[in-house]
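J.: Residue numbers (the working numbering), protein chains in the order written: chain A, 1 to 253; chain B, 1001 to 1246.
Any given hint could be a false lead.
[Stated by the list, open to error] Quick list of in silico lysine-lysine cross-link-like pairs, DSSO-like style, CA-CA up to 30 Å:
1) A:Lys92 x A:Lys19
2) A:Lys92 x A:Lys246
3) B:Lys1182 x A:Lys92
4) A:Lys246 x A:Lys19
5) A:Lys92 x B:Lys1188
6) B:Lys1191 x A:Lys92
Hints in this document: simulated from the structure, not taken from any laboratory.
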Amino acid sequence: MTRSNLGYLLSTLILRDFKVRYRNMSLGIFWSLLNPLVMMAVLSFIFTRIYASESGKNYHLTVLTGLVAYSFFSLGWSSGTVSILANASLIKRVPVPREIIPLATVLANGMHFLIQVLLLLVLVLQAGIPANGMWVWLPVVLVLEAVFICGLSLAASALDVYFRDVRYIVESTNLVMFWLVPIFYSFAVIPEQYHWVYQYNPVAAVVILLRKILLEATIELRTIVNLAILSAGVFAAGLWIFRRMKPRFADYL
Amino acid sequence: MPCVEFQGVSKIYSRQSREFFWRFLAEAFGGKKAAPLYALSGVDFRAESGEAVAVVGRNGAGKTTLLSLVAGLTVPEAGRVSVEGRVSPLLELGAGYHPDLTGRENVMINAAVLGLSRAESERCWDRIVDFAELHDSIDEPVRTYSQGMIMRLAFSVAVHVDPDILLVDEVLAVGDAPFQSKCIERLKEMKRQGAILLCVSHVNPLLREVCDRALWLENGRLRQQGPVEEVLVEYEQASGQLSAIS
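Hey, can you work out the whole structure from these sequences and the hints?
T.: Below you can see the structure in the form of structure tokens.
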């Protein structure tokens, strides 16, 4: 399969996930906008009117950036992990480049993430914070998070074929990550001895960077570089594991 | 030039999950290794451009395993599988089809999965729908299709992607007689254009009209190889004897 055909296959599979999700609903694709909109409206209301923390008047935006980045991670990795099993009939019967399956699943989640990020930008503007030059770093951060999740999913999906426990390990890790990512608190309140946990946690890095870009109009180059190195490393490792295990998938599906 | 060659190919059944981990541990600590069950054992054959080979044998003889190896879906434990050319496998009706998507959407996905680009898929589109005779239902979700309709669609896509090697695994029986004849004609035409066909089928006209040679698999071993009439006669005699005894 040539390079360009691979690109077409990837986009076809991503669109397939999208269509299937909303196919039988009367409002269809509208839900991919409505769900994040409702979530953001409710959270904004709660964190501006009800629980107005001393952390500043844009606390709802702080929480939302954290939540949006985290849910891409958690949903992307969970669905990526089970993607090989979910496409068992395809893998057993048709010769596809198998890496494309977890990649398409993660990137399909990425599309929803993109929609949520755009809505977030709207909310930021509406809160009176103008767009600034640092927004050019946004695509970089989003792509790096996607690369990281793809790497994790490649490894987990391959292992899940042989050891079905892996999906439960992933679920537990996601639960832990929910608290290890500063969603409801900011980086500033973390005691210094624990800083390293957050600096080497790519999802936390993404959240911190998003907040800096959107709310403070600054950027932390060192964090971006760390994130890039970690994401690339995880992706390379995930790809290596996947390639070692993929020849025998069909025997175990 | 498309070519398929098996040299001393053996494949072992993989023992499945539940005991997998415990047995793995036991063997790692010096426990007795369970005797492997061979799906295929020492198979040698070669198919050249323009040849149609029938693969016959009882259920469980290893026919689907052989086709899976040709398609590159799995790897042998011993021996060498060499395949040159684009492979279009028809191993299961509607493999990879999603019931909620329409025929049109599933065909486009199927074509992309088989390696076509967007331009190529759109070019073949009309011919695929014409051959399958499904103009009325092509935009209905596939869960409303009958088995026969799914087979028509799958077969139509498989032959129109212009493959060098076509693998057909017992799917023709689902079609009605007129459509089966259409398929057989199309298979003969592909043969003339230089494709390799590997057919597993219980549909006699397919075997006798299309195929030149036959491979008879028995318990994973190649029991006989030769002109299709010869092998089929022997095979039917052997199966006839078995059913006479029971």
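J.: Are the hints correct? Go through all of them and say.
T.: Going through the hints against the structure:
no.	hint	result
1	A:Lys92 x A:Lys19	23 Å, holds
2	A:Lys92 x A:Lys246	11 Å, holds
3	B:Lys1182 x A:Lys92	28 Å, holds
4	A:Lys246 x A:Lys19	27 Å, holds
5	A:Lys92 x B:Lys1188	27 Å, holds
6	B:Lys1191 x A:Lys92	26 Å, holds
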